[in-house]
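Asks: Fit chain H to the given chain X structure using the hints.
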Amino acid sequence: MLRHLALVLTLLAAAGGTAFAAPPEGVQPPAQIAAALTEDVVEIRSTFAGAELTLYGAATGLQEGDDIVVAVRGPAGDLRVMQKRRVLGIWINAAPVRFEDVAGYYAVASTRPLSDFASFSALRRNQIGMDHVRLYAPESIRRETLFGVRNVMVTDLGGEIVDYRAALVRNKARRGLYGEAPGGVELLEGGLFRARVILPPTTPTGTYNADVYLFRDGQPIATRRTDLTVVKAGAERAIYDLAQNRPVVYAFISVLLAMLAGWTAAAVTQRR
Amino acid sequence: MQIYLPIAEISLNLWLLLGLGLGVGFLSGLFGVGGGFLMTPILIFLGIPPAVAVSSQANQIVASSVSGALAHFRRKTLDVKMGLILLIGGVVGSISGVQLFGLLQRLGQIDLVISLCYVGFLGVIGGLMLVESVNAIRRRRGASGPVRPKRRKRGLIDALPFKTRFAVSGLYMSVIPPIAIGFLVGGLAALMGVGGGFVMVPAMIYLLRMPTNVVIGTSLFQILFVAALTSFLQAVQNQTVDMVLAGILILGSVVGAQIGARFTSKIPAEELRALLALIVVSVCLKLAWDLTSTPADLFVLIDAQGGQ
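Protein sequences appear in the order of chains X and H.
Following the numbering used here, the numbering of the first sequence begins with 209 at its first residue and continues without gaps.
Following the numbering used here, the numbering of the second sequence begins with 70 at its first residue and continues without gaps.
What follows is a set of in silico ranges between Cβ atoms, one per label pair, in the way DEER data are often shown:
id: 1; chain 1: H; residue 1: ILE328; chain 2: X; residue 2: TRP471; range: 17 to 27 Å
id: 2; chain 1: X; residue 1: GLN452; chain 2: H; residue 2: GLN71; range: 21 to 31 Å
id: 3; chain 1: X; residue 1: GLU352; chain 2: H; residue 2: ASP372; range: 30 to 40 Å
id: 4; chain 1: X; residue 1: GLY414; chain 2: H; residue 2: ASP366; range: 19 to 29 Å
id: 5; chain 1: H; residue 1: PHE231; chain 2: X; residue 2: ARG454; range: 39 to 49 Å
id: 6; chain 1: H; residue 1: LEU169; chain 2: X; residue 2: GLY384; range: 27 to 37 Å
id: 7; chain 1: X; residue 1: GLY442; chain 2: H; residue 2: ARG234; range: 52 to 62 Å
id: 8; chain 1: X; residue 1: PHE460; chain 2: H; residue 2: SER243; range: 28 to 38 Å
id: 9; chain 1: H; residue 1: LEU176; chain 2: X; residue 2: ARG445; range: 30 to 40 Å
id: 10; chain 1: X; residue 1: LEU396; chain 2: H; residue 2: GLN168; range: 54 to 64 Å
id: 11; chain 1: X; residue 1: GLY442; chain 2: H; residue 2: ASP372; range: 16 to 26 Å
id: 12; chain 1: X; residue 1: TRP471; chain 2: H; residue 2: PRO271; range: 21 to 31 Å
id: 13; chain 1: H; residue 1: LEU172; chain 2: X; residue 2: GLN452; range: 16 to 26 Å
Hints in this document: simulated from the structure, not taken from any laboratory.
Just so you know, even glycine gets a beta-carbon here, dropped at the ideal spot from N, CA and C.
Isolated chain X, as found in the complex (with noise of 0.2 Å):
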C-alpha cells in the first residue's frame, strides 16, 4: 500500500511539474498524461500463479467527459490460425493461416465501454479493442494494379479475417491472455486513475507495453507508454536457459537423473 501511495505522489509531482514546464509561447498542449506501474518488471519464479499490477496514473488537462484507456500488449509472435473441417466423420485442422507479429497478450481497459466515446477510425488506427486486433497476414497479401492504381494490398481473406479475429480472441481471452474492461479503469480526484492488469499463469515473457490514452471527442489528444518485463528468474530461469542454450547438456542430465531416480527407486525397495 505505502508502495502505491509513494508512486501516486510521483505521479502527481510528475503531472504537475510536465505542465508547467511547456512552453508559454507555443501551444499549450491541451493535456498531458503521466502514468507507472506498480511493478515494471514481472519475475516468473516456481510459484508463479500470475499476476496483478495497478497502472497509475495522471491526467493534467483532463475535462468533463473525457476518457482514458489503457491498452497493455504482451511480446508479439507469429500464429497459425486453423479451421476444424469434418472429414470421414472427425475433425481435423484445415485451412491454416498464418499471421505475424501477433501480440501474445492484449488487455484493454477503459472509463465506458470504448464504442461510447471513441470513432471507429481512431480505434482502428491506434488498434485499441478486441474488434481492432491488428492481424497481419503475408501469405494471403498480393499486390495488384486495381482501378488503374498500381499495388494495392489485396488480401486473400476478404470477409473471412473478420471470424479468425474473433477466433484468435475468443481463443486467446479463454486462457486469460487476451480481455478487454469497460469500466476498468477507475477515475479517481484530480486527474488521478488507475487500472487493474491482470497476467495468468500462461502469461508469455518479454516486454509489454502499456499505452494510456486520453480522448476527447472521440480522438486521443494525449498518449503516454510505459513498459513491462516478464522474466523467468531462479530455478526456472536456470533451467529453461540450460534447455534452450545447452540442449545436449540438459538432455544428458535429465536422462541421468531419470535413470539414477529409478536406480535409486529399486536399490531402496530391494533393501526393505
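Replies: The following block gives chain H in isolation, referenced to the frame of chain X:
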C-alpha cells in the same frame, strides 16, 4: 500449491501432478505395464503442450524401466542378443519418430495423429485383452472348458533370410521380425510418449514365440534404451523435455508402483486383466469421442512451436 513448469510454460497444481504420477504408478505396479498410454493423454488434457507431454513422459519411462530392467538382468531373465537386435530397430524408429513429430507439429496435425494412434492401438489392444480375459474368467467358472489349441503356423517368419540363433530364448530365426517390431515400438515411443510394452510383449509372445520368462525383461531392456534415446533427442532437437514435470511424475510413479505391486497378489489375475482392459478401452472411447464430436470452438490457434 501451484508450480510453474519452465518448459511447458504453464502453472499447474503440484499435488495434482504428484497424484497423477502416484495413480498411474499404482496401475503400472498393479498390472506390470508402463502406464505411459494413460499419462500422456491426461497431461495433454491438463493443458500441457503435446510435444512437452510426450517428451517428458519418455523421460519418466526411463526412470520406471531402469529398476525392472536391472532386476531382470540380475536374474538373467533377459535375452540380451534379442534385446540388442530389437534396439537396432528401436533406434531407427525413435529417430524417425522424432523427425515425424517435428514435421507434424509444423503442419499443425500433431494432436490429430497422436489421438488417432491412441484410438487405434488402445482400441485393438484393449478389445483383444477384454475378450481374452472375459473368456478366461468364463472358462474358469464353467469348470473344464476347452484348452485353447496352440497355433503352429509361422510360415512367413520362418521363410525370412538373415537367420541367427538366440541362445537364451532358444530360437533360431530371422533378425527381420525383431528389427521391424523394434522399429514400430521406437516410432510409437517418439510419437505417443509410451514405452510400447503393450505392443511389444504380445508381439514377442505371439509372433516371435519367445519363452514368457524372458519376454518382460527383454522388452524392458529395449524400452529403457529407446525411451532414453527418445528423451535425449527430443531435448536436443525440440527442447521439449520439462525436467520439473518429469521429476514430479517420476517421484509420484515410483512410490505408486511400489504400492501397486503389493496389491497385485490380492486381486485375482484374470479380473485384474479385465479391469486393465476396461481402463484401456475407456481411454480409447474418450479419445474417439473427442475426435468425432463437434468441437466447442471451430477454430484453433497454433503457435510457432506447434503448441495450442
